[in-house]
Amino acid sequence: MALFQSVFAMLYQFGDTFAFLVISCAGLAVIFGMMGVINLAHGEFIMCGAYVTVSAARAGLPLPLAILTGALVAGAVGMVVERLVIRHLYQRPLDSIIATWGISLIATQGVLIVLGSTMQGVGTPLGSIDVGGRSYSLYRLILMACALGLLGGLYLLFYHSRFGVIARATIQKPQMAHALGVNTGRMYGLTFGLGAALAGLAGGLYAPTMTMVPTMGATFIVESFVTVVVGGADIFLGAAPAAAILALIKAGLTAWYGQLFGQIGLLVTVILVIRILPGGLSGWLKGTTR
Amino acid sequence: MTRNRPTFVSLMAGAALALFAAAPAFAQDGPIKIGVLEDQSGDFAAATTVKVHAIQLAAKEINDAGGIDGRPVELVIYDTQSDNRRYQEFMRRVLQSDKVDVVFAGFSSASREAYRPIVNQFDGLAFYNNQYEGGVCDNNMIVTGAVPEQQFSTLIPWMMEEYGPNVYTLAADYNFGQISAEWVRQIVEENGGTMVGEEFIPLGVSQFGQTIQNIQATEADFVVTLLVGAAQASYYEQASSANVGLPMASSVNVGQGYEHKRFTPPSLANMYVTTNYIEEIDTPASKDFVERFHAMFPDEPYINQEAANSYIAMNLYKQMVERAGTTDHDAVRAVLAEGDVCFDGPSGNVCLDPKSQHMSHTIYLAKVNDDHSISFPKVWEDIKPYWLGDVGCDLTKNDPSAQYTPSSPPPAQ
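Top to bottom, those sequences are chains A and B. Using the working numbering, you'd call the opening residue of the first sequence number 1 and step up by one each time. Using the working numbering, you'd call the opening residue of the second sequence number 1001 and step up by one each time.
Everything labelled a hint here was simulated from the structure, so no lab data went into it. Each hint should be verified, as a subset may be incorrect.
Claimed, not checked - Only part of the chain A face toward chain B is listed, based on derived beta-carbon distances under 8 Å:
1. T124
2. Y139
3. Q172
4. Q175
5. H178
6. A179
7. N183
8. T184
9. G185
10. A251
What the hints assert, rightly or not - Chain B regions said to be covered by chain A (calculated; three or more residues, Cβ under 8 Å):
11. 1087-1100
12. 1152-1166
13. 1197-1211
14. 1239-1251
15. 1255-1263
Where a beta carbon is used, it is the ideal one built from N, C-alpha and C, also for glycine.
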């Protein structure tokens, strides 16, 4: 029983960190990993999703619907931002850093001015379960399931749907896709919107567990960039295994040495990976299988 | 030439003399400039925007009543954005180019330690109106916030008597959290208790799964939470949803970030906080303060202890300048050294201690109930900031400009 208890505890911590990394990086994996746009406003799309989710839930919508609304609104905002700003910067990655950073500052300060420095949350639903004398939040188990569901859903979308095939074609060979009659501008917009919606979904899913402040996106951004950089361009060969490995490192170090070393471990890993595997995990995996 | 020279020299001397005499006279007539450096955006904004409002309220009241010694108060306000570098930039700016008479500055202890050397360098005078980890012995600083001997030596023994001797501390990983945790450790040991765990969390961390498990693995009777900033406040929601169910004790929650108003009940239930003021305090002076505050700022989400401290500090400064007859720092400090600078304000009567330039407080034990309403199981009257004076800090005699902790007290004289 003691063994089962500690194994469950370790699995729970691993799953909790894994879910956080996967959910927070999914949107960035699409926008930065696939499309190559360094999106420093990723955290603000997350914040947007969280704020919309909480507002909708407080207005009486059931939480799952509220989370969906948050994701959709963030996606719509993402498409508008793509149309107005990002579209002109696809060939200028350095300029896109400045532009998205500016958007991030405007969003944070704008929310601060309009909605104030804090907003009341909705509270974590579902309560807790007892396993071997310790109690665990049930909602966080749901989050783990959501992370797996998200990976599965994205896999189906990108590899088994018409949209996915066209999106990948557009991003890999835009001229060729264009020649074959694909509206590449629209595809870029939709893909960016999808990334923003995934960020909004992350915000919505984590909103019930967090403090609602305009700067809340910043707590996601280090973890998401680390995961995507370690993972490389491909979500499934890159971000998913990267999240698993990083979760193992972070949960392990946090358990043994505390939060500070968990953070240090994460950052040391990304430095090593950039040095040894510049293409990230997916670049390395593809290189060895080729 | 020989005729002109003495005239010229005496003219110059006369002009210089006139300038010399005119300069202070001019300064005495103009407004008294007060620099306000507080975080109005960034991680700490939720707790600190109200401090600026409290200073504006006090300034308005002082000006409506004829100013300080007949001179109007003029506020020079900058948003420090929860960023220590901004504190350094703006502190230089208010002291060098705005030439303010006094500065009201700082929320986090990291920001205070960032700007303090600059205040020392330009021999400025700064009020730090925040509760903190204690120990600053500096002639250029006047501290109106509560310190550990006021908050912990009341709170921890009370909690140990009520809930048991096993204590788990969860603290923000910077000078405030580390030094506060040291105080908790010392007081727990003095009272025969045991520290069953101690964990330091980097600022900005928002995921507490492992921490919650660590707490559950111990036999803790209560958890001392010294978490700071919006990100770390996510702990309460996560601990509550994991059903940790332990009472919590804190010197920073509720009285600062009004978590009981922001979070959904019952995530903060059974939290005990020692604070020198919160808006729920049910005295005529407090109610009157809340009423005046809301008349000027109707949308104020919460009036916390730092708002009251800032308001009190403005009135203490007014009193000291009026008694000194000037804003000259040495003259103001000479008034403080008389030991009877007191103010009967929203939190009761408070006095400045000449040795440490810290303030006495009425300490209220606030308990968060299941529905997040507040009750006050105990009130300690007139708790003095005695520790610095006891260990040998005496600003009336010398100025070490240092910060001391229980493990590094002032060198023996």
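Outcome of the hint check:
At a threshold of 8 Å, the smallest CB-CB gap from A/T124 to chain B is about 4 Å, leaving the interface hint in force. Interface restraint check for A/Y139: the shortest CB-CB distance to chain B comes to about 6 Å, inside 8 Å, so the restraint holds. Of the supplied interface hints, the one on A/Q172 is violated, with its beta-carbon coming no nearer than about 35 Å to a beta-carbon of chain B, more than 8 Å. Interface hint at A/Q175: violated, since its Cβ lies 43 Å from the closest Cβ of chain B, which is beyond the 8 Å cut-off.
Of the supplied interface hints, the one on A/H178 is violated, with its beta-carbon coming no nearer than about 43 Å to a beta-carbon of chain B, more than 8 Å. The closest approach between the C-beta of A/A179 and any C-beta of chain B is roughly 47 Å, which is over the 8 Å cut-off, so the hint fails. Taking 8 Å as the C-beta contact cut-off toward chain B, the hint placing A/N183 at the interface is violated, the least distance being around 40 Å. Nearest Cβ of chain B to the Cβ of A/T184: about 38 Å, over the 8 Å cut. The hint is violated.
Given the 8 Å rule on beta carbons, the hint for A/G185 is violated: about 36 Å separates it from the nearest Cβ of chain B. At a threshold of 8 Å, the smallest CB-CB gap from A/A251 to chain B is about 7 Å, leaving the interface hint in force. Judged by the Cβ-Cβ criterion of 8 Å, the segment 1087-1100 of chain B is not covered by chain A as claimed, because only 0 of its residues qualify and three are needed. With a cut-off of 8 Å between beta carbons, the segment 1152-1166 of chain B has 0 residues touching chain A; three or more are needed, and the interface restraint is violated.
Coverage of the segment 1197-1211 of chain B by chain A holds in this model, with 11 residues showing a Cβ closer than 8 Å to a Cβ of that chain against a need of three. Counting residues of the segment 1239-1251 of chain B whose C-beta lies closer than 8 Å to any C-beta of chain A gives 6; at least three are required, and the coverage claim holds. Counting residues of the segment 1255-1263 of chain B whose CB falls under 8 Å from any CB of chain A gives 3; the rule of at least 3 is met.
In this structure, the hints that do not hold are numbers 3, 4, 5, 6, 7, 8, 9, 11 and 12, in rising order.
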